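Student: Listed below are the residues making up each chain.
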Amino acid sequence: MFTTVVMKELKGILLSQKFALTFGVVSVLILMSIVAGISEFTAGARQYDTAVQLAEQQLREASNWMAISARALRPPDPLVVFVSGVHNDIGRLSSINGHEAVKLLNSVYADDPIFAVFRSLDLMFIVQVVLSLFAILFTYDAITGERESGTLQLSLANPLPRRTFILAKATGIWAGLLLSLSVPMILGLLVVSLAGVPLSDSDWMRIGALFVGSLLYFTVWVAGGIAVSTWTRTPSASFMACLVLWIATVLILPRVGVLAAEQLVGVPTVAEVDAQKDGFEKAAWEKQMAGLSERWKKREEAMQGFSKEQREAYRDAHMWQWMQEEDAGRKAVQTEIDAYGLRLQEDLRNKRSAQERLAFTLARTSPAAIYQLASMQIARTSVTLKNATETSMEEYRSQFTAHVEKKQQESGGTGGFKITVDSEKGFSFSSPRERGTLDISDLPRYQWNPTPVGQLLADAGWDGLLLAVFALASLALAVIGFHRYDVR
Amino acid sequence: MSQPTFEAVNLTKRYEDGVLALDHVSFEVHPGQIYAMLGANGAGKTTTINIFLNFLEPTEGEARINGVCTHTDPLAAKAQIAYVSENVMLYPAFTAMQNLEYFTRLGGRDHHTKDEYHRVLERVGLQREAHDKRLRGFSKGMRQKCGLAIAILKDAPAIVLDEPTSGLDPQAGYEFTQLLTALRDEGKAILMSTHDIFRAREIASTVGILNRGRLVMQRSAAELGGADLEQLYLEHIAGHAA
Amino acid sequence: MLRLLIIKEIRDIVGSTKFAVTFGVCSLLVLLVFIVGARAYHTAVGQHDAAKRENLRRMEGITDWMQVHDMNVYMPPQPLSALVAGVAHDIGRTVTVEGRGELTAHDSRYSDEPMLAVFRQFDLEFLFTVVLSLFAILFAFDAVSGEKERGTLRLTFASPVPRRTFIAGKLLGAYLTLVVSLLLPIAAGSALLIVMGVPMTGDDWVRLTLIIAAGFLYLGVFLSLSVLVSAMTTRSTTSFLVLLVVWIVAVLIVPRAAVLFAGRAVDVPSVDAVAAQKAKFSAGLWGDDRSAMAAFKPSKSGDMQAVMQEFQQMMQKLADDRDRKMREFASRVNEERRNRQDVQEAVAFGLARITPAACFTLAATRLAGTSFEMKQHFLAATERYQKAFGEFMVAKTGMNPGGRMVVLRVVVGDEKKPEPINTAEIPAFSYAPMQVADVAGGTALDILLLLAVNLFFIVGAVAAFLRYDVR
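Protein chains in written order, with the numbering used here: chain A, 6 to 493; chain B, 48 to 289; chain C, 4 to 474.
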């Protein structure tokens, strides 16, 4: 009997005009989003490749170790094809050098705001917004429609347990929609593999996880639509209820979470933090300068009463030591500044993480948000991308600066140029360390090391579980609702 | 006497809004009998049928099908009852055959062959060429025939009909009543509600008149004899309205 | 007759549960948008003020203008950009002005706080384009087919009612109900802006009114289209499905597809390529100047102050020269990119304007000053500021700092402690979004397009209904 109802539902869906129309639209949408995603990814990958080459070329053209500056670039993840996430919002690159902290700059949208006007159209968006709407369209009148047309009474005049009926109906609708959705999805995957998007085995695994997530999310809506139809009397009432539910879940709840978190957890802005750091830097150098003056005064005092020749000799004897003292002092200040900057950065990140945690916990009351967050997590385009990138670039920066430091010492002292105005010796300008190009062969290059797949999937797994809970709860609601449904 | 197929015992239904729809109604329908319920709109005919189908639970009393109480064991009761509604609505996207097959299977009969479906559809008078057409374009008479075909295929001892002939043209109405009498002669017990006094008189074994939830008159065909049913009906309705 | 029909139409719509629900939801959403906007504005002002304060604080205690190397300027939040976000959160808000050199904006809101980028801001533009348009369809999808299903259409035309009057009554009734029922929460929301202390200028109000007017025109498109479709179908479920498909294509797909297509069809050199070109050129200039510096010989030795001054003057001259050359080069490179971008934008938005959704988005963001041109507009303002800042620094120190020159002054001997500088003297940055008069021209096209599409669908609806089978 279960299968009879399932088969009838399947047939009912596949034969309907509604299905033909929506199937066409959804197929076109899915394929389009994937084609668009591929084109976006390949453009991004091309841009990345050129940028890497340019950065390499700049390194090669650098002429002194002091002024050398590398560029660390964040490559696009192939799963951007399916989930753009915040990939286009956060910076693509950071300068890496001794005097600047890591800062991600040049996001795609900031570079070319034209692409930000309508945003991107990715598979995740299609599933989250359009497919959920379609799921509702096929389920809102599951019970109310049959009640109005009278077939519900006819069906229930048979020895058919209500639970069997509703579960079979849900299964039938679910299977019918899902089977038809899998066609464009598989086609899309075929296009992806043919289009030459470089996908590793672990990428395919992530794509698999993404599809499981989409499926779960879709199931939530199918079950939700049916649940609504068991708690309403007429199709138009169920449709309005579904639409309100949809607007609340997809459009409002996720944002409310973020808004609330913004109000509850205060986080300083980057501009504020930067200015704070600048202030500290300035003060530190100020102190260093004062110390410098002080030391020079002492050195002068030590030479008190010397003749001009004696002075010269004393100076020549001590100059190297003095220079080293100054250099050490300078380095100490720089380290102090770096440490302070990192501390501020760390503090900012912690506060922001706390805010994000709260926001997303609240947002997870909505299955749409759960699905979106999980997809972004799987595609490595979630909010953590920024921190992850910055942290890995900071690690690279310390390697890089250590290497440059070493090289600098090997080539002897500071680089750049020096202007000396001495009341006795007069003016002199020198740029002693200029010597063509540098040997950068063993200079460390930035390596993007993405979060391991296992961890990604484990994190997203919880969201998947949560989606499953939502689906089951909706189904339970549908069963309860139908159990007490007045079929007259 | 044998066990009644339909049995209403002190059937009472009071809705949540306090309206008393049925007030201690009792009657029996035996195999080979047609029981016709007459009454104005809102008299309680459909409520009675809804209780027999377990779409409603009685506030008091019991409805039984072959001794099985409809609200304590609805599934066992429903296995023995077939239902034809006032306006049979089937799935418009399905053909007559598909509808028939679906509902017959729901009724727990999945051993029928295609030929049997065709035979039954022909028996109820549906032209062969209509069998594989979608229900969307069917007239009310054709849909009613499909509904009866479903009931026949379910082969239940009890058949409930809710104003089955309303809105049918005379020819279709005649054919429909012919089929009902044939089913009665096969030993089915039939409970029907109707506004059609003429037809009730013609085929009913027993006629019951409901007014405001009460069974105000119940007479067998023999008891009615040559009495004018229309006169009786108006008297009973008027008598109790006053 | 027409009046009777209009009143009937309004009563029919207003009396339905559908209307009660949609009206409730819409009002809630509209109010939410205004509240969110006002809060966002205050948050942004808080952030902006804090950043500005910190920026000045880092200069506290400096005693010499020579040590002021740069100045951060921040895009001041605009009340309207909180209501129509456009690209406001995508482009950099901070520009470091050094007195010379090319300016870049960094620290966009979304890159600073990717949390916000996950779900994006819920603003007026989104509400109109996505949510309210859907409701407009719900309002009118069964305008004709629904009456046919209920049988009231037959009854109506059993009376001597001209078809033209009937359909006109339908259209007008639906328009009126929609406008009035939305105006209420919008008026309440606007009042909330005042209550919540958002400083809206007269110009802002005019622009907001225009945005809402454009929004109504946009909703009108979907309303008349719905009536048109309902007058071409016999069943209301069919008209709803058709409209939903049209909505998805028009609102979600076409605008994005257009930009995507333009992005691929018109090749624009990447920012990195341009930056690399500039960096290379700049390195070449530096190399030349380095030798010039090395060749520096003071005209008279001894007086340290004089030597320093002379050197600085030379540096200044070199820097000015370098700056000029660099600017010429950069402007050439930038212009090339700019030209390509213009073509790209023309293609993208030309194509996107097929759909009223894009017309509305473009009009609304332009009116709010948050269109894709916002970045250029902001950078132009900072450019002007840079000039003022450079001139100020020249007046103060005799030189334009133009970069991080660390002046290491070793003071030997006692000197009287110098006074700290007064940071209030630094010229203030001012950014004014375009005024109504500036954007009117650009928006007119979109508004006219919206009007034209409205008319087209209205005429279409009338024509379709004249041939409708009312049986």
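Everything labelled a hint here was simulated from the structure, so no lab data went into it. There's no promise every hint is true.
[As the list claims (entries may be wrong)] Derived DSSO-like pairs (lysine-lysine); straight-line CA-CA distance at most 30 angstroms:
no., chain 1, residue 1, chain 2, residue 2
1, C, LYS55, A, LYS292
2, C, LYS55, A, LYS287
3, A, LYS412, A, LYS313
4, C, LYS55, A, LYS282
5, C, LYS11, A, LYS287
6, A, LYS287, A, LYS303
7, A, LYS411, B, LYS187
8, C, LYS283, A, LYS411
9, A, LYS287, C, LYS399
10, C, LYS399, C, LYS320
11, A, LYS313, A, LYS303
12, C, LYS390, C, LYS328
13, A, LYS313, C, LYS11
14, A, LYS282, C, LYS390
15, C, LYS390, A, LYS108
16, B, LYS187, A, LYS336
17, C, LYS390, A, LYS287
18, C, LYS300, A, LYS108
19, A, LYS302, A, LYS287
20, A, LYS282, C, LYS281
21, C, LYS283, A, LYS108
22, C, LYS281, C, LYS328
Just so it is clear, the structure is predicted and the values come from calculations on it, not from any experiment.
Student: Compare the structure with each hint and give your call.
Tutor: Quick rundown of the hints versus the structure:
1. For the suggested pair LYS55(C) and LYS292(A), the alpha carbons sit about 24 angstroms apart, so the restraint of at most 30 angstroms is met.
2. For the proposed pair LYS55(C) and LYS287(A), the alpha carbon gap of about 17 angstroms is at most 30 angstroms, so the pair holds.
3. Using a Cα cut-off of 30 angstroms, the hinted pair LYS412(A) and LYS313(A) is violated, with the two alpha carbons roughly 37 angstroms apart.
4. Restraint check: the Cα-Cα separation between LYS55(C) and LYS282(A) comes to about 14 angstroms, which is no more than 30 angstroms; the hinted pair holds.
5. Proposed proximity of LYS11(C) and LYS287(A) is contradicted: the alpha carbons are some 74 angstroms apart, above 30 angstroms.
6. Distance restraint check for LYS287(A) and LYS303(A): the Cα-Cα separation of roughly 24 angstroms lies within the 30 angstroms cut-off, and the hinted pair is therefore satisfied.
7. A C-alpha spacing of about 95 angstroms is found between LYS411(A) and LYS187(B), which places the hinted pair above 30 angstroms, so the restraint is violated.
8. Of the pairs offered as hints, the one joining LYS283(C) and LYS411(A) holds, with about 26 angstroms between alpha carbons and a cut-off of 30 angstroms not exceeded.
9. Only pairs whose Cα atoms come within 30 angstroms are accepted, and LYS287(A) paired with LYS399(C) is accepted, the gap being roughly 20 angstroms.
10. Note on LYS399(C) and LYS320(C): the hinted pairing holds, with a Cα-Cα distance of about 17 angstroms set against a maximum of 30 angstroms.
11. A C-alpha spacing of about 17 angstroms is found between LYS313(A) and LYS303(A), which places the hinted pair at or below 30 angstroms, so the restraint holds.
12. Restraint check for LYS390(C) and LYS328(C): the C-alpha separation of about 16 angstroms stays at or below 30 angstroms, so the hint holds.
13. The hinted pair formed by LYS313(A) and LYS11(C) fails the criterion: a straight-line CA distance of about 110 angstroms is larger than 30 angstroms.
14. Our distance criterion of 30 angstroms between C-alpha atoms is met by LYS282(A) and LYS390(C), whose separation comes to about 26 angstroms.
15. Annotation: proposed proximity of LYS390(C) to LYS108(A) holds, straight-line Cα distance about 27 angstroms (limit 30 angstroms).
16. Restraint check for LYS187(B) and LYS336(A): the C-alpha separation of about 95 angstroms exceeds 30 angstroms, so the hint is violated.
17. For a cut-off of 30 angstroms, the pair hint linking LYS390(C) to LYS287(A) stands: about 24 angstroms separates their Cα positions.
18. In summary, the hint linking LYS300(C) to LYS108(A) is not supported, as the alpha carbons are separated by about 40 angstroms, beyond the 30 angstroms threshold.
19. As the CA atoms of LYS302(A) and LYS287(A) are separated by approximately 22 angstroms, the hinted pair is consistent with the 30 angstroms bound.
20. Between LYS282(A) and LYS281(C) the CA atoms are separated by roughly 29 angstroms; this keeps the pair inside 30 angstroms, and the hint holds.
21. Only pairs whose Cα atoms come within 30 angstroms are accepted, and LYS283(C) paired with LYS108(A) is accepted, the gap being roughly 22 angstroms.
22. Using a Cα cut-off of 30 angstroms, the hinted pair LYS281(C) and LYS328(C) holds, with the two alpha carbons roughly 11 angstroms apart.
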